[in-house]
Amino acid sequence: MNLHTANEWRPQTVPPSTPVREAIGSVIYEFRWLAADTAMMAWRNLMHYRRNPETLMSTIAGPVMFLFLFNYVFGGAIGAGRDFNYIDYLVPGVLIQNNLFTVMNTGIGIASDLQKGFVDRYRSLPMARSAVLGGRVCATSLISFVSVYWTLAIAMLFGMRFHGDLLPVLLMPLVVGVFCFGVAWLSALVGVTVRNAETASASTFFITIPLTFLSSTFVPVETMPGWLQAFAEVNPITHVVNLCRNMAQGGPLESYAWITAFWIALLIIGVGTLATWSYRRIS
Amino acid sequence: MDNAIEVRQISKSYGKVVALENVDLNVRRGSVMGLLGPNGAGKTTLVRILTTLLRPSSGSATVLGYDVVRHARHLRSYIGLAGQSAAVDDLLTGRENIHMAGRLYHMPKREVQKRAQDLLEQFDLVEAADRSVKGYSGGMRRRLDLAASLVANPPMIFLDEPTTGLDPRSRLELWDVIRNLVSEGTTVLLTTQYLEEADQLADEITVIDLGKVIAQGTADELKHQAGSEFIEVTVRDAEETRRAAGVLSNFAENNECDINEEDNIASIMVEDGAPLMVQIVRSLDAEDIAVANMAVRQPTLDDVFLALTGRTAEEAATESEQDQD
Amino acid sequence: MNHLPAQIQDRSALGELASAIAVESRWMIADTAVMTWRNLIRYRRSPELFIFSTASPVMFIFLFNYVFGGAIPTGDLNYIDFLMPGILVQTTLFSATQTGVGLAEDLQKGMVDRYRSLPMARSAVLGGRVAAETLVSLFVACLMLAVGYIIGMRFHGGFWPGFAVPFMVAGFAFGFSWVAAFIGASVRNAEGAGSLMFFVVFPFTFLSSAFVPVETMPGWLQPFTSVNPVTYAVDLGRALSQGGVIVANAWPTLLWTLLFTFVVGPVAVWRYRRV
Numbered sequence: 096m097n098l099h100t101a102n103e104w105r106p107q108t109v110p111p112s113t114p115v116r117e118a119i120g121s122v123i124y125e126f127r128w129l130a131a132d133t134a135m136m137a138w139r140n141l142m143h144y145r146r147n148p149e150t151l152m153s154t155i156a157g158p159v160m161f162l163f164l165f166n167y168v169f170g171g172a173i174g175a176g177r178d179f180n181y182i183d184y185l186v187p188g189v190l191i192q193n194n195l196f197t198v199m200n201t202g203i204g205i206a207s208d209l210q211k212g213f214v215d216r217y218r219s220l221p222m223a224r225s226a227v228l229g230g231r232v233c234a235t236s237l238i239s240f241v242s243v244y245w246t247l248a249i250a251m252l253f254g255m256r257f258h259g260d261l262l263p264v265l266l267m268p269l270v271v272g273v274f275c276f277g278v279a280w281l282s283a284l285v286g287v288t289v290r291n292a293e294t295a296s297a298s299t300f301f302i303t304i305p306l307t308f309l310s311s312t313f314v315p316v317e318t319m320p321g322w323l324q325a326f327a328e329v330n331p332i333t334h335v336v337n338l339c340r341n342m343a344q345g346g347p348l349e350s351y352a353w354i355t356a357f358w359i360a361l362l363i364i365g366v367g368t369l370a371t372w373s374y375r376r377i378s
Numbered sequence: 006m007d008n009a010i011e012v013r014q015i016s017k018s019y020g021k022v023v024a025l026e027n028v029d030l031n032v033r034r035g036s037v038m039g040l041l042g043p044n045g046a047g048k049t050t051l052v053r054i055l056t057t058l059l060r061p062s063s064g065s066a067t068v069l070g071y072d073v074v075r076h077a078r079h080l081r082s083y084i085g086l087a088g089q090s091a092a093v094d095d096l097l098t099g100r101e102n103i104h105m106a107g108r109l110y111h112m113p114k115r116e117v118q119k120r121a122q123d124l125l126e127q128f129d130l131v132e133a134a135d136r137s138v139k140g141y142s143g144g145m146r147r148r149l150d151l152a153a154s155l156v157a158n159p160p161m162i163f164l165d166e167p168t169t170g171l172d173p174r175s176r177l178e179l180w181d182v183i184r185n186l187v188s189e190g191t192t193v194l195l196t197t198q199y200l201e202e203a204d205q206l207a208d209e210i211t212v213i214d215l216g217k218v219i220a221q222g223t224a225d226e227l228k229h230q231a232g233s234e235f236i237e238v239t240v241r242d243a244e245e246t247r248r249a250a251g252v253l254s255n256f257a258e259n260n261e262c263d264i265n266e267e268d269n270i271a272s273i274m275v276e277d278g279a280p281l282m283v284q285i286v287r288s289l290d291a292e293d294i295a296v297a298n299m300a301v302r303q304p305t306l307d308d309v310f311l312a313l314t315g316r317t318a319e320e321a322a323t324e325s326e327q328d329q330d
Numbered sequence: 008m009n010h011l012p013a014q015i016q017d018r019s020a021l022g023e024l025a026s027a028i029a030v031e032s033r034w035m036i037a038d039t040a041v042m043t044w045r046n047l048i049r050y051r052r053s054p055e056l057f058i059f060s061t062a063s064p065v066m067f068i069f070l071f072n073y074v075f076g077g078a079i080p081t082g083d084l085n086y087i088d089f090l091m092p093g094i095l096v097q098t099t100l101f102s103a104t105q106t107g108v109g110l111a112e113d114l115q116k117g118m119v120d121r122y123r124s125l126p127m128a129r130s131a132v133l134g135g136r137v138a139a140e141t142l143v144s145l146f147v148a149c150l151m152l153a154v155g156y157i158i159g160m161r162f163h164g165g166f167w168p169g170f171a172v173p174f175m176v177a178g179f180a181f182g183f184s185w186v187a188a189f190i191g192a193s194v195r196n197a198e199g200a201g202s203l204m205f206f207v208v209f210p211f212t213f214l215s216s217a218f219v220p221v222e223t224m225p226g227w228l229q230p231f232t233s234v235n236p237v238t239y240a241v242d243l244g245r246a247l248s249q250g251g252v253i254v255a256n257a258w259p260t261l262l263w264t265l266l267f268t269f270v271v272g273p274v275a276v277w278r279y280r281r282v
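Protein chains in written order, with my numbering: chain A, 96 to 378; chain B, 6 to 330; chain C, 8 to 282.
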């Protein structure tokens, strides 16, 4: 704290420093203020949603539209003669897809901050540096987590029912939330790398669309041509969607859970670190 | 320690492009330093180095005794930066913008609230305080940006082209705000392309061109480099301008007379203009030259820039823009 | 240049009207051509727009054919044969919405004020946009048919009907351009027009026979899908390319196209003039 009038201010004694001490000091400082500063930045981004509710349109209308389209329009054709109720099959996929679209806004926001020169202000402040990215990531993840329950409500209205055990059913939204938190870091990395809102938005589109459609999100992988199955089988989205589907409807979890956990760890630890590092290197 | 800023041989280059070359600069505590130069001269680069946003390629600099590279983290608590882009959040209200900056300076909540109210009053933003910034005018945004950078009451403040793009009235208002700041003892480093702005606000001026410091001193000292005073005589036509020039050159310090043919103006440089006026009028009258207008003019910083670089500030700006392309 | 205005004669109101009509018809074609050119240049100058209008339809073909195709039963037809007419109509309709978005953008930016101050035919601003988007639709339709052919689509309805498919699709899109122009002239805000357009085109194209057979949809949806003009246009395209009932689908399609062009079209021009 340094509130005083400029007249009274006298230079503080500069702590004796060696590069090692400075580095340690920086790390301690970063962790000391990380939570508070991230909260502040997340607050800022949540305020954006409050002031500009139309940015939430796609998060709110998206699941309604997709559930309607796939359940009623395509569902009759896709679900005919299968051993599952198509809406039960569909919901986890739509959950993941819609939330991916929501958290992918992270990068667009970061890029537009960078473009507008906002980040210069933040970088000249004594705040934790990771908080600029962290705040955005937390805000979009929070929105996407809340939207899970909204999507589930619509789905139940359209006739979806849970058939899994209570505990997995309750934990399912959490899996979606944590996965999307990881993807938000990927989006942050995109934003920091391209530094231009339009490019970020376009790259987001070209990442999200193929990943979500070339997976078990809407149709069983077995109905795809062989060469596409090969991709869909290794697509992380397939594993997450299958995990969530089996949590909601019952079925084997373990194999999907391990792979999902691996991807989540990779996204949060690997991609998150890379994004933070790239942000710090900006000059 | 009397210097708030000490810059020693700072250079910064991006690949082959040299943005700053061996810059030296001292800024006394409590003074206003004007960093003057055309677009692309390196002013913003220097400010970015001093505000820890950019690492210099070589050389060292301290601000308030903190090394800008080694003590960057400590330094950030004691400086404020208001940039040309007016980094205020459109969707937040004015008050929320200040509040956020205060919290990120790690001030306690209550203190921030009090300080925000003070600043809003001081900057004449109380009425608009709880409206979102989207509807603010350009001048209001700059004032808010400045207020946000002052929230922690930093003893050192950097203003990067604070009035670029503002209308004349907003510019005058912002000048007043800056003058108030200085009277409270804040040290200010201000960059500008406007020679008048530096003249109005700065105690000392550093002229920077193509990444190098080309002159340093008070506004008066710099003006003396360009010459003392000018006498300008406006007549009716080109023919008379030439004849008037013949008369005037006898009174000039350097026996030379500049002719502006377009506006029929002949001007000379003199030590002290006023006492010469009567003699000049008489001599012109004797030659039967009718004087339409006559004035003694102080040299502007434009004259200074011309004297220092052989180019006008505008030409220099165009050149460095071409360099960048 | 010393250009003096021609002597202005005293004229009755009727005379003024007659001469206005004469100017309008005399310059309409030339001015429309200029405006068409200007709107086509946009596609060359802004590659994103070009990619958006070509790459995303191709992506849709791949998506539906490979990802969903295996799961959607379409009776005797191969799914790609079933899909192509549907996706052609959908894509050209989406591309036709650009008419309205572009017009709204011009209105927003005040470009239209400039045009209105020129001695040009008033209808040329709208006409130029519609013509340009129709040409783009024709191009995109041919491109997509080529892509479809490469991945296995074949014509089973004879040469001339097959040849007519892209023109029929572009013709239908031409009609719809007037609807888009009407929306653009009414909304006068590019983003607003864009999203409104999306909410019009999206249900009409998806609640149709474009992607899945109407019979597989729930009973309460079928009444809408069967009267949907898009369903007629898609079924006509399917009949032309794969053989089947042409006339029964051609009448409604033609009727809608004429309705759009000669009823919605003039209303759009009227709205635009009232700006």
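For the record, the hints were derived by calculation from the structure and aren't laboratory data.
All C-beta atoms, glycine included, are put in the ideal place defined by N, C-alpha and C.
Don't take every hint at face value.
What follows is a set of in silico ranges between Cβ atoms, one per label pair, in the way DEER data are often shown [claimed, not checked]:
no.	chain 1	residue 1	chain 2	residue 2	range
1	C	S53	B	S142	31 to 41 Å
2	B	N259	C	K116	31 to 41 Å
3	A	N147	C	L56	21 to 31 Å
4	C	L56	A	D260	30 to 40 Å
5	C	L21	B	R241	29 to 39 Å
6	C	W258	A	D260	31 to 41 Å
7	B	S16	A	R290	39 to 49 Å
8	A	G365	B	W180	50 to 60 Å
9	A	L261	B	R78	34 to 44 Å
Verification of the supplied hints:
{"no.": "1", "hint": "C/S53 - B/S142: 31 to 41 Å", "in the structure": "holds, 32 Å"}
{"no.": "2", "hint": "B/N259 - C/K116: 31 to 41 Å", "in the structure": "violated, 55 Å"}
{"no.": "3", "hint": "A/N147 - C/L56: 21 to 31 Å", "in the structure": "holds, 26 Å"}
{"no.": "4", "hint": "C/L56 - A/D260: 30 to 40 Å", "in the structure": "violated, 51 Å"}
{"no.": "5", "hint": "C/L21 - B/R241: 29 to 39 Å", "in the structure": "violated, 59 Å"}
{"no.": "6", "hint": "C/W258 - A/D260: 31 to 41 Å", "in the structure": "violated, 57 Å"}
{"no.": "7", "hint": "B/S16 - A/R290: 39 to 49 Å", "in the structure": "violated, 26 Å"}
{"no.": "8", "hint": "A/G365 - B/W180: 50 to 60 Å", "in the structure": "holds, 51 Å"}
{"no.": "9", "hint": "A/L261 - B/R78: 34 to 44 Å", "in the structure": "violated, 49 Å"}
When each numbered hint is compared with the structure, violations occur for hints 2, 4, 5, 6, 7 and 9.
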